[in-house]
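Go by the hints and put chain B onto chain G.
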Amino acid sequence: MASQEATIREFAEQEYRWGFDSRIDSETIPPGLDEGVVRLISAKKGEPDWLCQWRLRALRHWQRMREPTWANLRYPPIDYQQIVYYSAPKSPAGGPQSLDELDPAVRQMFDKLGIPLAEQERLAGVAVDAVVDSASVATSFQKQLAKLGIIFCSFSEAVRRHSELVRRYLGSVVPYTDNYFAALNSAVFSDGSFCYIPPGVHCPMELSTYFRINARNTGQFERTLIIAEPGSYVSYLEGCTAPMRDEHQLHAAVVELVAHEEAQIRYATVQNWYPGDREGRGGVYNFVTKRGICRGARSRISWTQVEVGSAITWKYPSVILRGDGSVGEFYSVALTGRRQQADTGTKMIHIGRNTRSTIVSKGISAGRGQNSYRGLVKVQRAAEGARNYSQCDSLLLGDQCGAHTFPYIEVANPTAQVEHEASTSRIGEDQIFYCRQRGLAAEDAVNLIVNGFCKEVFRELPMEFAVEAQKLLAVNLEGSVG
Amino acid sequence: MGTQQAGDAFLRNLDGLRGHTVASRPSWLGELRGAALGRFTRLGFPTTRQEEWRFTDLSRMLSIRFEPACGGASDGLASEAWALVHALPGPRVVLVDGHFRADLSVTAAGRGIVVDSLCRVLRDSPGLLAPHLAHYAPWREHPFVALNTGLATEGVFVQLAAGAVQEEPVHLVHLWTAAGKARVAHPRALILAEPNSRAAIVESYWGSHGSVSLTNAVTEIVVGRGAVLEHAKLQEEGDEAFHMATVQVHQQSRSSFTSHVVFLGGSLARNEINIRLEGRRCRCTLNGLYWARGRQHMDLRTRIDHAQPACASEELYKGILDERARGVFNGKIYVHRAAQQTDAKQTNRALVLSDQARVNTKPQLEIFADDVRCTHGATVGQIEPEAMFYLRSRGIAERRARQLLIWAFANDVVGRIGLAPLRTAVEQLLTAGDGLSVGPVAGRLP
Chain G
338 MASQEATIRE FAEQEYRWGF DSRIDSETIP PGLDEGVVRL ISAKKGEPDW LCQWRLRALR
398 HWQRMREPTW ANLRYPPIDY QQIVYYSAPK SPAGGPQSLD ELDPAVRQMF DKLGIPLAEQ
458 ERLAGVAVDA VVDSASVATS FQKQLAKLGI IFCSFSEAVR RHSELVRRYL GSVVPYTDNY
518 FAALNSAVFS DGSFCYIPPG VHCPMELSTY FRINARNTGQ FERTLIIAEP GSYVSYLEGC
578 TAPMRDEHQL HAAVVELVAH EEAQIRYATV QNWYPGDREG RGGVYNFVTK RGICRGARSR
638 ISWTQVEVGS AITWKYPSVI LRGDGSVGEF YSVALTGRRQ QADTGTKMIH IGRNTRSTIV
698 SKGISAGRGQ NSYRGLVKVQ RAAEGARNYS QCDSLLLGDQ CGAHTFPYIE VANPTAQVEH
758 EASTSRIGED QIFYCRQRGL AAEDAVNLIV NGFCKEVFRE LPMEFAVEAQ KLLAVNLEGS
818 VG
Chain B
522 MGTQQAGDAF LRNLDGLRGH TVASRPSWLG ELRGAALGRF TRLGFPTTRQ EEWRFTDLSR
582 MLSIRFEPAC GGASDGLASE AWALVHALPG PRVVLVDGHF RADLSVTAAG RGIVVDSLCR
642 VLRDSPGLLA PHLAHYAPWR EHPFVALNTG LATEGVFVQL AAGAVQEEPV HLVHLWTAAG
702 KARVAHPRAL ILAEPNSRAA IVESYWGSHG SVSLTNAVTE IVVGRGAVLE HAKLQEEGDE
762 AFHMATVQVH QQSRSSFTSH VVFLGGSLAR NEINIRLEGR RCRCTLNGLY WARGRQHMDL
822 RTRIDHAQPA CASEELYKGI LDERARGVFN GKIYVHRAAQ QTDAKQTNRA LVLSDQARVN
882 TKPQLEIFAD DVRCTHGATV GQIEPEAMFY LRSRGIAERR ARQLLIWAFA NDVVGRIGLA
942 PLRTAVEQLL TAGDGLSVGP VAGRLP
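From first to last, the protein sequence lines stand for chains G and B.
Numbering of the first sequence is given in my numbering, commencing with residue 338 and proceeding in unit increments.
Numbering of the second sequence is given in my numbering, commencing with residue 522 and proceeding in unit increments.
Worth flagging that the hints you see were computed from the coordinates, not collected in a lab.
Note that this is a predicted model, so its numbers are computed, not measured.
Treat each hint with caution, since some may be false.
[As the list claims (entries may be wrong)] Label-pair ranges, simulated between beta-carbon atoms:
(1) G:A719 <-> B:W549: 51 to 61 angstroms
(2) B:A530 <-> G:I366: 43 to 53 angstroms
(3) G:R615 <-> B:D864: 50 to 60 angstroms
(4) B:E907 <-> G:A719: 20 to 30 angstroms
(5) B:P652 <-> G:F770: 29 to 39 angstroms
(6) G:P536 <-> B:R913: 43 to 53 angstroms
(7) G:Q768 <-> B:A918: 48 to 58 angstroms
(8) B:G916 <-> G:P536: 50 to 60 angstroms
(9) B:R913 <-> G:K808: 54 to 64 angstroms
(10) B:R644 <-> G:G765: 40 to 50 angstroms
(11) G:G776 <-> B:V686: 56 to 66 angstroms
(12) G:G776 <-> B:H656: 52 to 62 angstroms
(13) G:E616 <-> B:P647: 30 to 40 angstroms
(14) G:M402 <-> B:T628: 29 to 39 angstroms
Using N, Cα and C, we set each Cβ at its ideal position, and we do this for glycine too.
Chain B extracted, bound-state conformation:
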């Protein structure tokens, strides 16, 4: 089957849910949706013959008949999810099975700050969305972004007025309930931080084991002049979940953007972060951690476009692979001709714990300016026998020593998460279950 036919079939598969869920008013939105779906059909369903998808085989997805998700009950949700929800007392928007749940959401926010469901904003003040929605994410080039643009039914809108400061982090919660059917949702987020505003935004994705779901998320973020935005994304979906996501960030001059990505769940999960540094003297920091076990496939990609002079970017991505897991990292730094005095640093490390795990790493530098300092480093390795020996020689049992070393590897990234409640939640997820069931987190060494 060619990519186009596969794309057609996939779309037809989803077509059943199109008519009754997709709003096509106002008219600009209808046109946009039509164009995006047309684009998806032309681009076709990705295959491993395409460079961008070489290591991530989605053909499994084609054989599944996804059905529209109905708003589910909120019970039976992961307790970790609620723990994090309660630990972050600020504004939040909760989507359950892709549907907005006003009863679980808190949309009251500080002065000059809007936090709401995308549908409500579309109904009440579509003028806020028209100049921004789908203006940033590459729906013309990326099949899943096109699909989201065409089919998104719900999402989140966050706007920070110029100079506004949101003290409590904003939490965007995406939950899948347990169900017997395969379901799909295309959540869309638009985050606008106007000049000199400041906020932290946490997106978390949760699911339940044994239920097949596809999350196809797109988040568009604009960081205005001098604004400071911290964005964290935690993905802990169920073991049968597909997660495809694109986070598109446009930074204006002197703005600062920090991203944390933590991927622990899902069967096949892919996250793309594209940063465009479109003003002078921007700073951006990307941190990422994934831990893949079982037959999980995790694909984390970043692209930083240095389009203007004197910007700095720093990136640290780490992956832990166990059992039969597969990890993919693709990090591109693109320095445009105008972007002199660029300072870009990228580090990628993978820790392979089993002889059945696989990792594919592709750090890329594309540089068209000469007055730059760009470096990247990538390593793939196992637990160092010397470090292990050191711990063993001090009387620490092998299993525990191993856990300590894995924890140390992960903590390099986790420790950079500034939001304490989120950091604690990640630490707990990492140490729960078969994971690192020890107490280094609490500092309780035996």
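Bound conformation, chain G alone:
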């Protein structure tokens, strides 16, 4: 099957399609991090004093912490003093009032990426809160949402206009003491998205944000906070692509979700940051802390992620199941090709009674990629009748890549039912033969098989994302069998 190998090699060596460099006039501060920088960021954003103090506490805590080394990842040390911690596109004073006022270069960049920012308002369905580098540039559909009492805006705007809400929930799920990268984010986060769903409201559209790292050497430290009041529902989409860069770029985001009684939050991510070239040069370091808490009874949080990009992915979207009968779900597809490394998984912390969690993780390794699943299922003493089902499957394409699983199961209640299954295999020659025999090109066959492998996860994505995710995999698989 020499042809198959050739295809797989090509697959692994795909050039990054979204690598272009938009010239946007941006306001940037010199690299480095100290209290002055944190105060400067806070001042530039006109933040209240409590937030500035919170950032400073986070910074002081971060300075005492050591970078974690337990992940199954290898990368040269990061010089945190060489990073630019603030960069925002310049825009006319007062911010854009409508999409038409946007910097044309920003608009063009989104057009190249194929996000129909302008179109979407017309075509309906998706409200985009687009984040370029740090400042939120455009927020659409705000008015329609406002009628329902839904707040969906940039984080800075939320700090200005809904200070009390932000103050109450910021850091309540991921405190700044949580881990190294969360502390760093808490000190220097520049912008992000904020979303509040009032009691009993079913958010009528998929909320969406699009992150894109642009300016050189700029770390992206966005912060997302979603609050779902009792009985509400929201589905949130996050998508990322980043332009091609030579230096490694650091991305350390924090996402916090709060679900009150009977609320439901669905959070979906397609991550396609620049993965670095064939030799492992460049690429984004993606160190993300995502966590949701099911505070109320029968609340529900589900994470779905398709991780295709980044040189390094360090990400464990988690759910704290505190409310009785609450449900946590995690569906993940992680693809590592070239020299990409991913150490990703989830944590399900069962605290309430009759809590349930489901974990489905699909890892695909190709080229010299290293893919690790790391997960924790923890059932605490009080969690009567907790139930977990975990499944993590790995698919290996090529003999230079690796697939690893590190599931932790900690049970302190005898009524818990915890099941974990894992398998590792490669695409069978018989599977490819079967497809070929029916007239499919080998490449299409691999595509089909990989898509089938990921089906359980794609099914969880909202339609638009499912299509994009399949396309992303297909693009990466292009030319991978002959």
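For chain B alone, coordinates are given in the frame of chain G:
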């Protein structure tokens, strides 16, 4: 206290027994011991901040002053121990409180087979040991292996010449007598099965309740080309015993190795089995069962390194946890880049019987080859209400139904023990005392 200081203190604590017991001749052995103790000091005493020790807290051990064990009398030993000793009529080496007892041992073995105390072999033919001793067990990385390598005073040597077949199982017996003082022993075993040899080896550890002891055992096993070796380890030490052990196995091509581990005793017991499949077409099977009650802490770990192509490994570990017990399972399957056509299967199940018991399970797969079939499954659960109901509906009392279901859970592993006398001994231990005091073993249902 940092790990290094704690290590230093622990070593100083043991230092009193170093001078007069540790043989440092021949010179290579003295050098090895020195290097290993240096290594222990550098590695430090393990803490729960280290990933490998995260769920097993040894700090209790630090506060105990262990004293050298003197060879004790053989009376007052567990009758179960003698029952098993008599049921296995083959060669045996008996260590009482870490000391070799020639009077209780039977070292006569079949043609081409050596079974003896490590000290006697060291005295008479050290050349047999030099190329192998400490060549396999990871004393540079593992603090307790380093400690054993530095301080071992006695142990067992088994050698099977090429093609030799040992029909009767070899029994290695480790006994602790009752004593008022806290004692420590570092038994060391070296088992060499040369090409195409065949044998079964049983290691059993016994103790008495109320006596504090620390067994820090290391067993090194080499399974030569085409050799077939079965290794069973039964641990039934006293309720105040610490048991730390590493079993290191190197398999050469087309060899077959089967391991049974049954852990029932001890206060804090940990067993690590590391298998390296270093030749093509090896097979290895690991079975394990632990039953922890009271405040027992059991930590069972396995690691299988698939270093060569076309090897198969299969693993089944089960644990039963009752009262305030704590169970830890860590199973790693590591498939190296060269190990194509690997077939590895791992299953771990824990049965939790009380709401105070805790279990930590961590099955791991690390795979660097693509043409492999690897699966693992782990479950933690309680007795199924449906199964219970089924038995109750047939008129079986609740207590008895519960015992039957626990027995069925355990028997899945016990039934795989091929050596009938050992299987019977394990069955009896499981059904004795507060355990499963019913007769399903004998098939006597009321």
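Cβ separation of A719 (chain G) and W549 (chain B), checked against the hinted range 51 to 61 angstroms: 57 angstroms Cβ-Cβ, so the 51 to 61 angstroms window holds.
Between G916 (chain B) and P536 (chain G), does the beta-carbon spacing fit 50 to 60 angstroms? holds (54 angstroms)
Range first: 48 to 58 angstroms. Now tell me if the beta carbons of Q768 (chain G) and A918 (chain B) are that far apart. Because 53 angstroms falls inside the window, the suggested range holds.
CB of E616 (chain G) to CB of P647 (chain B), is that within 30 to 40 angstroms? violated (52 angstroms)
Is 43 to 53 angstroms a correct range for the gap between the Cβ atoms of A530 (chain B) and I366 (chain G)? Roughly 51 angstroms apart at Cβ, these two residues keep to the hinted range, so it holds.
Between R913 (chain B) and K808 (chain G), is the Cβ distance one that fits in 54 to 64 angstroms? holds (56 angstroms)
For P652 (chain B) and F770 (chain G), compare the CB-CB distance with the range 29 to 39 angstroms and indicate the outcome. violated (50 angstroms)
At the C-beta level, are M402 (chain G) and T628 (chain B) separated by a distance inside 29 to 39 angstroms? With a Cβ separation near 59 angstroms, M402 (chain G) and T628 (chain B) fall outside 29 to 39 angstroms, so the hint is violated.
H656 (chain B) and G776 (chain G) - C-beta distance against the hinted 52 to 62 angstroms: holds (58 angstroms)
Return holds or violated for the Cβ distance of P536 (chain G) and R913 (chain B) against the range 43 to 53 angstroms. For P536 (chain G) and R913 (chain B) the Cβ distance comes to about 46 angstroms; the hint holds.
R644 (chain B) and G765 (chain G), beta-carbon distance inside 40 to 50 angstroms? Violated, at about 58 angstroms.
CB-CB spacing for V686 (chain B) and G776 (chain G) relative to the 56 to 66 angstroms hint: Given about 58 angstroms between the Cβ atoms, the range holds.
Going down the numbered hints, you'll see the structure goes against 3, 5, 10, 13, 14, while the others check out.
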